[in-house]
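Participant: Chain by chain, the residues run as shown.
Protein chains: 2
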Amino acid sequence: MKSKLECIPCLLKQSLNAAEMVTDDQVVHEKVLKLVMKELLDVPLGRSPPTIAHTVYSIVHDVTGCDDPYKDLKVKYNGIAMGMYPCLKGIVDDSEDRLFTAVKLAIAGNIIDFGANIQVNIKKTIKDTLSRDFAINDYPSFVKSLEESESILYLADNAGEVVFDRVLLEEIQEYADIVYAVKKEPIINDATMEDAIFCGIDSLAEIVTTADTPGTILERCDQEFVDTFRSSDMIISKGQGNYESISEEPGNIFFMLLAKCPVIAADLGVEIGCAVLKRAVQVR
Amino acid sequence: MKSKLECIPCLLKQSLNAAEMVTDDQVVHEKVLKLVMKELLDVPLGRSPPTIAHTVYSIVHDVTGCDDPYKDLKVKYNGIAMGMYPCLKGIVDDSEDRLFTAVKLAIAGNIIDFGANIQVNIKKTIKDTLSRDFAINDYPSFVKSLEESESILYLADNAGEVVFDRVLLEEIQEYADIVYAVKKEPIINDATMEDAIFCGIDSLAEIVTTADTPGTILERCDQEFVDTFRSSDMIISKGQGNYESISEEPGNIFFMLLAKCPVIAADLGVEIGCAVLKRAVQVR
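Those protein sequences? They're chains A and B, same order as listed.
Numbering of the first sequence is given in my numbering, commencing with residue 530 and proceeding in unit increments.
Numbering of the second sequence is given in my numbering, commencing with residue 530 and proceeding in unit increments.
So here's chain A without its partners, still in its complex pose (with noise of 0.2 Å):
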């Protein structure tokens, strides 16, 4: 998916979010909103929101000297959903279709995502997403890939969230081997390894890395992980940063989110803060 020009006032945003994160020196804040102005002037919004994502926290982590300025934010929002987990494990157990709710749950935990400009409430989001329809609802060809699937790629979005991505993991463990994906280095608040352990996804899948970017840009993956994603009989991917990057690319993939940004809502064609499990089939 292409950049539109909302992406600009709202990368730039972020990057001072970012800054804040890491000091209150209003000198600082003030480098890096203008160092990411300047790049930004002259960007190709041909490129993904990602790409650029990348180029914009490259600028904040080189002016703050900190290469992982949500770092206290994942640690807790990985204990707020590890204190949440046997509640979300009590929904599932209680509902009519375990399956459908456990994917309602991956779906909610796409809230805590703080590249996103949004107030972060996951106990109402939990609420809403078990309560209201998907704008996009493809869970009957969900359930029938996961019946004729033996390999699953599953790209995780946030830290924190990967407790949600676990609940839904041990409901579809059964159907077919499974690889996790998570960042290579920090990146935001999105999931890297030290993440995926501490909410026990390595008793439950393969861990893999992605690379140093928001979202899943392939040509910034390794071979041997671009060979999984060719190679893998359906692809889960959470989120807006991975609906970004592989939107366009070929494969039997599963887009679960929450449209948080209006950029990928009206690309969807769904209403900000609406639920979507979308496939999207490309041939290869």
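Since the hints were made in silico from the structure, they are not lab data.
Incorrect hints may appear among the rest.
Since the list can't tell identical chains apart, any single copy or any two copies may satisfy a pair.
Distance condition first, Cα-Cα at most 30 Å in a straight line; then the derived DSSO-like pairs of lysine-lysine [claimed, not checked]:
#1 K533 - K605
#2 K605 - K653
#3 K600 - K563
#4 K652 - K605
#5 K652 - K789
#6 K531 - K560
#7 K563 - K789
#8 K656 - K563
#9 K542 - K673
#10 K673 - K789
#11 K531 - K567
#12 K563 - K542
#13 K653 - K600
#14 K531 - K605
#15 K531 - K563
#16 K560 - K533
Fit chain B to the given chain A structure using the hints.
Facilitator: Coordinates of chain B only, in the frame set by chain A:
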């Protein structure tokens, strides 16, 4: 009030919104965005947000060739609000404290703001504002000032909102002579003379004009207005733009607003979304 770094991405977003109001031509949108970015790169933050906003919207006007991008929205919201007028009067009639209810409604009307990058939901805002306590409530001294004043200057904010002001003006007109100040030229969706007359203010107050900027930047207003500002016994200041531009001016000023942006909310020490009736007496 000085601008903050947070104002930069917000103003950039506003410029894009305004350009999109005028045309679907993305080349124009991009030209506006880039010229505004170049301008904002060197803008002194010592200026108030309305001063910078004036420069930003001037660029939008110059590039699009349209000096009133929000014209249609202003007409629309004048119509919507006029349609609500009988209902608003009914709420006042049925209330225990007519004046306090009219104050609440005048503040609720401040939701009609297209410079604030927010969702405009009038009915929900009325309901919330009527049922919740103000975050800052200087109503007792508002009543006392009203009883002691012979001249009141009422600084309007937005088109549509004017109808909500009218409901309050009808309750306070018995206390003092009222001057109602609107913008001299169109800027964002701020009320102009045309809007004030359409909403029936001319039978309740003398209508005067300020300048061609958001808020009330006294240096850009004519001497007659400044004299009125300096000599009025009481000033009722609606909305964020007026707060941003005159929060440090001397005078017996009552700010009525919904805190819609994080910078103003922080300056006032309240949460975003809160209703505020704040007296700020600065010695002349």
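Participant: Now tell me if each hint is right for this structure.
Facilitator: Comparing the hints with the structure gives:
Taking identical chains as interchangeable, the C-alpha atoms of K533 and K605 lie at most 30 Å apart only when they sit on different chains, with a minimum of 28 Å there against 32 Å within one chain. Taking the closest pair of Cα atoms, K605 and K653 come within 30 Å of each other only inside a single copy of the chain (18 Å); across copies the shortest separation is 33 Å, beyond that limit. Taking identical chains as interchangeable, the C-alpha atoms of K600 and K563 lie at most 30 Å apart only when both belong to the same chain, with a minimum of 24 Å there against 33 Å between chains. With identical chains, the CA atoms of K652 and K605 are at most 30 Å apart within one copy only, with a shortest distance of 16 Å there and 37 Å across copies.
Both within a single protomer and between protomers do K652 and K789 lie at most 30 Å apart by alpha-carbon distance, with minima of 16 Å and 24 Å respectively. Proximity of K531 and K560 under a CA criterion of 30 Å is satisfied in both settings, with 27 Å inside one chain copy and 18 Å between copies. In this assembly of identical chains, K563 and K789 lie within 30 Å of each other by CA distance both inside one copy and across copies; the values are 26 Å within and 25 Å between. In this assembly of identical chains, K656 and K563 lie within 30 Å of each other by CA distance neither inside one copy nor across copies; the values are 40 Å within and 41 Å between.
With identical chains, the CA atoms of K542 and K673 are never at most 30 Å apart, being 41 Å at best within one copy and 43 Å at best between copies. In this assembly of identical chains, K673 and K789 lie within 30 Å of each other by CA distance solely inside one copy; the values are 28 Å within and 46 Å between copies. Taking identical chains as interchangeable, the C-alpha atoms of K531 and K567 lie at most 30 Å apart whether they share a chain (20 Å) or sit on different chains (23 Å). For the homomeric pair K563 and K542, the shortest alpha-carbon distances inside one copy (11 Å) and between copies (16 Å) are both at most 30 Å.
Taking the closest pair of Cα atoms, K653 and K600 come within 30 Å of each other only inside a single copy of the chain (24 Å); across copies the shortest separation is 37 Å, beyond that limit. Taking the shortest alpha-carbon separations for K531 and K605, neither the intra-copy value of 33 Å nor the inter-copy value of 34 Å comes in at or below 30 Å. Taking the shortest alpha-carbon separations for K531 and K563, both the intra-copy value of 24 Å and the inter-copy value of 18 Å come in at or below 30 Å. In this homomeric assembly, K560 and K533 come within 30 Å of each other (Cα to Cα) both inside a single copy, at 25 Å, and across copies, at 14 Å.
Violation of the numbered hints given earlier is confined to hints 8, 9, 14; the remaining hints are satisfied by the structure.
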